[in-house]
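Asker: Take these sequences, add in the hints, and give me the full structure.
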Amino acid sequence: MNHAELAADEIHRALRGPAWHGSSLQELLAALSAEEAIQRPIPTAHNIWELVLHITSWSNIALRRITGGQVEPHEDEDWPVPGEMTSEQWDADREAMKESHERLTEVVTGLTDDQILAKAPKSSNSVAVMLHGVAQHDAYHGGQIALLRKVVTTKHRRAAI
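Going letter by letter, the sequence shown gives residues 4 to 164 in this note's numbering.
There could be a bad hint or two in this list.
Claimed, not checked - Below, a list of computed lysine to any residue pairs in the SDA-like style, where the Cα atoms sit at most 20 Å apart: (1) K153 <-> H24; (2) K125 <-> R68; (3) K125 <-> D81.
To be verified - Distance windows between CB atoms, simulated: (4) E87 <-> K122: 35 to 45 Å; (5) E38 <-> S126: 36 to 46 Å; (6) P124 <-> G86: 22 to 32 Å; (7) T157 <-> V74: 34 to 44 Å; (8) L120 <-> S36: 35 to 45 Å; (9) I41 <-> D116: 35 to 45 Å; (10) L150 <-> E38: 15 to 25 Å; (11) Q147 <-> E91: 19 to 29 Å; (12) D117 <-> A34: 40 to 50 Å; (13) E91 <-> N128: 12 to 22 Å; (14) S127 <-> A34: 39 to 49 Å; (15) Y143 <-> A34: 21 to 31 Å.
Keep in mind that the hints were calculated from the coordinates and are not lab data.
Values in this document were obtained by computation on a predicted structure and should not be read as measured data.
Positions of the beta carbon are idealized from the N, C-alpha and C atoms, including for glycine.
Answerer: Next up, the structure:
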């Protein structure tokens with residue numbers, strides 16, 4: 004496996020699994036309702052929906068950086084605010100996260116070793132470091148989602164009883 008395939012595999016595992024660190028993003032978000040995703044059990048923390056939008060943004064930003072697009076995030080792109088909070092929009096936002104990662108891994112697998120080991124735009128790190136960072140970012144926020152999910156699904160189930 005070359006450097007690009009390794010980075011793409013790591014991003015794929017963070018999204019779909021199997022992931023060494025635990026549940027993948029898709030596993031964590033499966034069967035999670037829009038109502039659960041918008042709950043804010045920690046008043047000063049982001050909710051699950053906001054985390055999904057943030058994860059999607061940084062996958063898209065990494066893709067732009069390696070394809071010659073805008074390097075810096077657009078205004079409000081780092082932590083986008085959810086729009087209409089419906090079940091349909093929740094499904095669309097989860098699908099957008101999946102598609103952003105799939106586009107990124109598709110482009111990454113086409114990179115040569117020279118391209119992936121080159122410096123990322125406006126960075127002292129290589130493209131490889133940035134791409135492994137995407138997977139690490141996914142795992143970090145996946146851990147937050149896992150904890151929030153435990154709280155919101157337990158709370159939701161108790162309310163239904």
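Asker: Has the given pair, K125 with D81, been kept, meaning a C-alpha gap of at most 20 Å?
Answerer: holds, 17 Å
Asker: Is 36 to 46 Å a correct range for the gap between the Cβ atoms of E38 and S126?
Answerer: Between E38 and S126, where Cβ atoms are some 39 Å apart, the hint holds.
Asker: Holds or violated: 22 to 32 Å for the Cβ distance of P124 and G86?
Answerer: Given a distance of about 29 Å, which is inside 22 to 32 Å, the answer is holds.
Asker: Using the beta carbons of L150 and E38, state whether their distance is inside 15 to 25 Å or not.
Answerer: Hint holds: Cβ distance 18 Å, inside 15 to 25 Å.
Asker: Within 12 to 22 Å or not, the Cβ separation of E91 and N128?
Answerer: violated, 38 Å
Asker: With respect to the beta-carbon atoms only, verify the hint that L120 and S36 lie 35 to 45 Å apart.
Answerer: Roughly 43 Å apart at Cβ, these two residues keep to the hinted range, so it holds.
Asker: Taking the CB of S127 and the CB of A34, does the distance hold inside 39 to 49 Å?
Answerer: About 42 Å separates the Cβ atoms of S127 and A34, which means 39 to 49 Å holds.
Asker: Mind checking the alpha carbons of K125 and R68 for me, to see if they're no more than 20 Å apart?
Answerer: holds, 9 Å
Asker: Looking only at beta-carbon atoms, does the pair E87, K122 fall within the given range of 35 to 45 Å?
Answerer: Holds - the Cβ-Cβ distance for E87 and K122, about 40 Å, lies within 35 to 45 Å.
Asker: Regarding the pair K153 and H24, is the alpha-carbon distance no greater than 20 Å?
Answerer: holds, 17 Å
Asker: Range first: 40 to 50 Å. Now tell me if the beta carbons of D117 and A34 are that far apart.
Answerer: Given range 40 to 50 Å: holds, Cβ gap about 43 Å.
Asker: State, for the Cβ atoms of I41 and D116, whether the hinted interval 35 to 45 Å holds or is violated.
Answerer: holds, 43 Å
In terms of the numbered hints stated before, the structure departs from hint 13 and from no other.
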